[in-house]
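Given the structure of chain Z, go ahead and fit chain U onto it with the hints provided.
Number of protein chains: 2
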Amino acid sequence: MSSSALEFARQNHPRFLDELKALLRIPSISTLPEHQGDCRKAAEFVLAELRRIGMEHGRLIETKGHPLVYADWLHAAGKPTVLVYGHYDVQPADPLDEWHTPPFEPTERNGNIYARGAVDDKGQVWAQVKALESLMAANKALPINVRVIFEGEEEVGGEGIADFVASKPADLQADFALVCDTELFAPGLPTLCVGLRGMIYTELEVRGARTDLHSGMYGGAAPNPFVALAQIIARLKDENGRILIPGFYDDMIPPSKEELAAWKSLPFDEEEYRKSEVGSKTLVGESGYSVLERTWARPTLDVHGMPGGFTGAGAKTVIPAKALAKVSMRLVPGMTPAKTFALYKSYVEKIAPAGVEVDVRLIHSGDPCMVPVDNRYIQAATRALHEVWGKDTVFIRSGGSIPIVGDFDRHLGQPSVMMGFGLPDDNLHAPNEKFNLKNFELGIQSLIRFLEEAGR
Amino acid sequence: MSSSALEFARQNHPRFLDELKALLRIPSISTLPEHQGDCRKAAEFVLAELRRIGMEHGRLIETKGHPLVYADWLHAAGKPTVLVYGHYDVQPADPLDEWHTPPFEPTERNGNIYARGAVDDKGQVWAQVKALESLMAANKALPINVRVIFEGEEEVGGEGIADFVASKPADLQADFALVCDTELFAPGLPTLCVGLRGMIYTELEVRGARTDLHSGMYGGAAPNPFVALAQIIARLKDENGRILIPGFYDDMIPPSKEELAAWKSLPFDEEEYRKSEVGSKTLVGESGYSVLERTWARPTLDVHGMPGGFTGAGAKTVIPAKALAKVSMRLVPGMTPAKTFALYKSYVEKIAPAGVEVDVRLIHSGDPCMVPVDNRYIQAATRALHEVWGKDTVFIRSGGSIPIVGDFDRHLGQPSVMMGFGLPDDNLHAPNEKFNLKNFELGIQSLIRFLEEAGR
Chain Z
472 MSSSALEFAR QNHPRFLDEL KALLRIPSIS TLPEHQGDCR KAAEFVLAEL RRIGMEHGRL
532 IETKGHPLVY ADWLHAAGKP TVLVYGHYDV QPADPLDEWH TPPFEPTERN GNIYARGAVD
592 DKGQVWAQVK ALESLMAANK ALPINVRVIF EGEEEVGGEG IADFVASKPA DLQADFALVC
652 DTELFAPGLP TLCVGLRGMI YTELEVRGAR TDLHSGMYGG AAPNPFVALA QIIARLKDEN
712 GRILIPGFYD DMIPPSKEEL AAWKSLPFDE EEYRKSEVGS KTLVGESGYS VLERTWARPT
772 LDVHGMPGGF TGAGAKTVIP AKALAKVSMR LVPGMTPAKT FALYKSYVEK IAPAGVEVDV
832 RLIHSGDPCM VPVDNRYIQA ATRALHEVWG KDTVFIRSGG SIPIVGDFDR HLGQPSVMMG
892 FGLPDDNLHA PNEKFNLKNF ELGIQSLIRF LEEAGR
Chain U
472 MSSSALEFAR QNHPRFLDEL KALLRIPSIS TLPEHQGDCR KAAEFVLAEL RRIGMEHGRL
532 IETKGHPLVY ADWLHAAGKP TVLVYGHYDV QPADPLDEWH TPPFEPTERN GNIYARGAVD
592 DKGQVWAQVK ALESLMAANK ALPINVRVIF EGEEEVGGEG IADFVASKPA DLQADFALVC
652 DTELFAPGLP TLCVGLRGMI YTELEVRGAR TDLHSGMYGG AAPNPFVALA QIIARLKDEN
712 GRILIPGFYD DMIPPSKEEL AAWKSLPFDE EEYRKSEVGS KTLVGESGYS VLERTWARPT
772 LDVHGMPGGF TGAGAKTVIP AKALAKVSMR LVPGMTPAKT FALYKSYVEK IAPAGVEVDV
832 RLIHSGDPCM VPVDNRYIQA ATRALHEVWG KDTVFIRSGG SIPIVGDFDR HLGQPSVMMG
892 FGLPDDNLHA PNEKFNLKNF ELGIQSLIRF LEEAGR
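Protein sequence lines correspond, in order, to chains Z and U. Sequential numbering from 472 applies to the first sequence in the working numbering. Sequential numbering from 472 applies to the second sequence in the working numbering.
Errors might be hidden in some of the hints.
As the list makes no split between identical chains, a pair holds if one copy fits it or if it spans any two.
DSSO-like mimics (lysine-lysine), calculated; alpha carbons at most 30 Å apart, straight line [said to hold, decoys possible]: (1) Lys752 x Lys821; (2) Lys816 x Lys752; (3) Lys746 x Lys821; (4) Lys746 x Lys909; (5) Lys816 x Lys746; (6) Lys821 x Lys810.
FYI, nobody ran anything at the bench for these hints, they're computed from the structure.
Only chain Z is shown next, with the shape it has when bound in the complex (with noise of 0.2 Å):
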């Protein structure tokens, strides 16, 4: 146990703080054309970091879209090579008016820091990047080989990485890959995310008239395309939260009745999350299934908005001649984002209205993917969480999506040790997202014993 690098972690912590600020700083935001230049800010400001902490071979590699961020350290020999991936891009802030400090301005309150992307995921970039220097400055080398990349793209679809994965695998050959991004499931509970649900995001375009149209005039005769895409999205998903769409559920592998037993036993209560996480009258879905079942287990379709028509002020009494709907589904495994999306969009077809034409277009998608709990990194994380933490390690799933997780496992041949440090209340993708400071100074403390662990 390398005490010297963690003593290094805590006695330098307060400008690890600072750097993150800087880094939050950056409203690199992927999914907006007009924040380009923010992404890649920093991507630059990161890849300054891992050079100077001793990283060789830093270097930006271009794509379509944000540039990756990569550096390695290949001189363990001997020893295992990880390839630590975390991404610098964020969430759009909107809606503004809902945050109670500005998005891009980190302000610490109640031992949280505030920011987007706080949590998801520069804060535990910064947290992977601060754990090798650490190493790095105590021991003038690394306990394993390392390989790092970051990348901009991961709340647009990740397509630069997958691109990269697919058409240059030995560029990143490694054992294992470390993905920071994910969370504990209870404060002060080390956990490992073992199991990640799959997605497709699409768009449900329908087009009615020629042109916009008066609804007094027209109104009777011509279609109207929110009222087509509302029918087509009610045959979509019953009220009980089953998905409608033929065969959809056929390929899904259940959880293992280990597996739900083990999540019995977790410190969960779906009435305390109902009212300090969702807040809603009621949670809803399947019938039948626990909630952690419905979120880590079971296939979901969302709608994310409708935008089109008329939503200003007031009242304009029109018929828009379009509409759209943004609409994605969560998949787990044993199911596929290529035949999923066949089947929902054979199906739109065959339900839409008369006097309308639907488009449905694939935005991005990602596998779903499970991690063998016996898997020798796994079992040297959990040794790692236990002596920072002080307790064992859950096994959990996330019924986000980390599409670049299944990449790794396909083309690489890696498994993925999922270790993350943000709480189920840290409001990603929502205003007021947050990273508890104490999370983010032990989560630096586990990745360096974590590194220390797997190199051994």
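Relative to the frame of chain Z, chain U by itself:
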């Protein structure tokens, strides 16, 4: 017959058109707060002209919103009094990129003038003003007593004029109203509108979680307001266009056999209408009813837009905390806005899916109305129109709503002569709104002759 007034109108027509263009350049969009000053500017423009041509007691009448324009000339002893009505406000111009020339730069092209408000309703307001000017210039007097009232809130529900009519009926005392806000049934076919649909315009808000949530983490357990809204809308109207709100159709009075027979003889080709006006794959609506019945004599429901959630480019995996739908219904004689809204609201509250809260708000409403064909002013209008257009007048209804016509009837006891000169393809409320230049000219002549006939 005052050939001198017609002669004046003919000689001065180029100037009339230039003046109309100046009025069209004022972007008096009543629904957008940032155009409040423009609405007042348009009101002042019209008022100045009424004063210039010799109308008396010209003034702006303040309302909670945009001002009314009033003027009168009451020296035709022993003659009836007409209340001349129109509106100087216009619809928003979006989507801007679909206009061939800018909406507030009036442009002559192919015998039309293109601009937002060209036909709805500035062109027709100006035809009224120019008819009054021609009569006054030719005779130094008017053939009938005239009160003019123009409003600036027709496109946002007309609250100001409705309040004024209800609270100061004596100020608008007259024998009948002349409302120029409708259209010819077909080019060259003189038309009087004797029936209007009413409406309710509502906002339907659905709230689920307290804040926006990540659709990966919470998808399957957190309510999705857009999905809930789609499920509600799909239960408001079926795929055959029938509205499913219990009791919705109970009070409606169907058109008479005579009226239905007259409509059948109108020059109307449903396939041509589909192709040239609507441009959709097929027409929609209730089977068993002609298009004219569906748009004139059947109530309908339309969705105009669904604000909220993520509407930008690309992908954001959010479950929005709330979603909104702008929903309106057109009502036919027998139905009332109050009862219809109550039925709708209680039905929506009843069918709202589990997990969400709904809020149903009435934005504005207007009564449906009918005018008897044997009314003496309707008869005077048919004589004037025959003279100018050389054809018998057809009596139609309009699917649109002119709530003030109901108010004139209820509060002032005035039947309305709805004489309009637009064409069915004039793109009201849509990009590339236009007014046929010949119809503008013949409209002025028709109004001159009508005021003379009505004053006989």
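Here is how each hint holds up against the structure:
no. : hint            : verdict
1   : Lys752 x Lys821 : between (35 Å within a copy, 15 Å between copies)
2   : Lys816 x Lys752 : between (33 Å within a copy, 20 Å between copies)
3   : Lys746 x Lys821 : between (40 Å within a copy, 24 Å between copies)
4   : Lys746 x Lys909 : within (25 Å within a copy, 66 Å between copies)
5   : Lys816 x Lys746 : between (36 Å within a copy, 28 Å between copies)
6   : Lys821 x Lys810 : within (17 Å within a copy, 37 Å between copies)
Of the numbered hints given earlier, the model fails none.
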